[in-house]
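S.K.: Sequence:
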Amino acid sequence: VQLQASGGGLVQTGDSLRLACAASGRSFSSYNMGWFRQAPGKERRFVAVISWTTGYADSVKGRFTISRDNAKNTVYLQMNNLKPEDTAVYYCAASRCFSAAEGDYYYWGQGTLVTVSS
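Letter by letter, the sequence shown follows residues 1 to 118 in our numbering.
Treat the hints as calculated values from the structure; they're not laboratory data.
Among the hints, erroneous ones may be present.
[What the hints assert, rightly or not] Label-pair ranges, simulated between beta-carbon atoms:
id, residue 1, residue 2, range
1, G41, D15, 34 to 42 Å
2, Y106, T13, 33 to 41 Å
3, S30, L10, 13 to 21 Å
4, S29, K83, 28 to 36 Å
[Said to hold, decoys possible] Restricting the straight-line Cα-Cα distance to at most 27 Å, the calculated cross-link-like pairs of lysine-lysine (DSSO-like) are:
id, residue 1, residue 2
5, K42, K72
6, K83, K42
7, K61, K72
8, K83, K61
From the three backbone atoms N, C-alpha and C, an ideal C-beta is built for every residue, glycine too.
Construct all of the structure, not just a fragment, from the sequences and the given hints.
M.R.: Laid out in structure tokens, this is it:
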């Protein structure tokens with residue numbers, strides 16, 4: 001599975017942004033898809049995961065929504081009410097597990113930068 005993330009950019013506090021991750025290869029629908037982010041100088045951290053259900057990090061609950069379109073082999077991350085602390089490189093990833101653990105993800109996209117100005 002190859003993953004290509006897109007949609008990042010520079011926004012202001014309170015703005016919204018939607019990230020997309022397009023997957024190539026077979027059996028996209030069989031994978032759990034996750035979003036992670038890495039802020040400058042920090043470790044990469046879990047953001048959200050989707051299979052038939054969804055899971056979120058506490059820091060984004062109520063503001064971010066993960067969704068998927070299996071017909072388009074694409075997973076999305078709708079980000080609302082963005083804050084400066086959301087500034088990070090966002091990565092999509094694929095796993096056979098419904099997990100928040102980075103080590104459970106086998107395939108990774110290249111990352112897309114989101115910058116939220118105050």
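S.K.: Now look at each hint and say whether the structure bears it out.
M.R.: Outcome of the hint check:
1. G41 with D15: 34 to 42 Å: For D15 against G41, whose Cβ atoms are near 24 Å apart, the range 34 to 42 Å is violated.
2. Y106 with T13: 33 to 41 Å: 35 Å, holds
3. S30 with L10: 13 to 21 Å: 35 Å Cβ-Cβ, so the 13 to 21 Å window is violated.
4. S29 with K83: 28 to 36 Å: Distance hint for S29, K83 holds at roughly 32 Å.
5. K42 with K72: 32 Å, violated
6. K83 with K42: Answer holds: K83 to K42 is near 17 Å, not above 27 Å.
7. K61 with K72: With Cα atoms ~25 Å apart, K61 and K72 stay inside 27 Å; holds.
8. K83 with K61: This hinted pair holds, its Cα atoms lying about 13 Å apart.
This entry does not satisfy hints 1, 3 and 5, going by the numbered hints stated previously.
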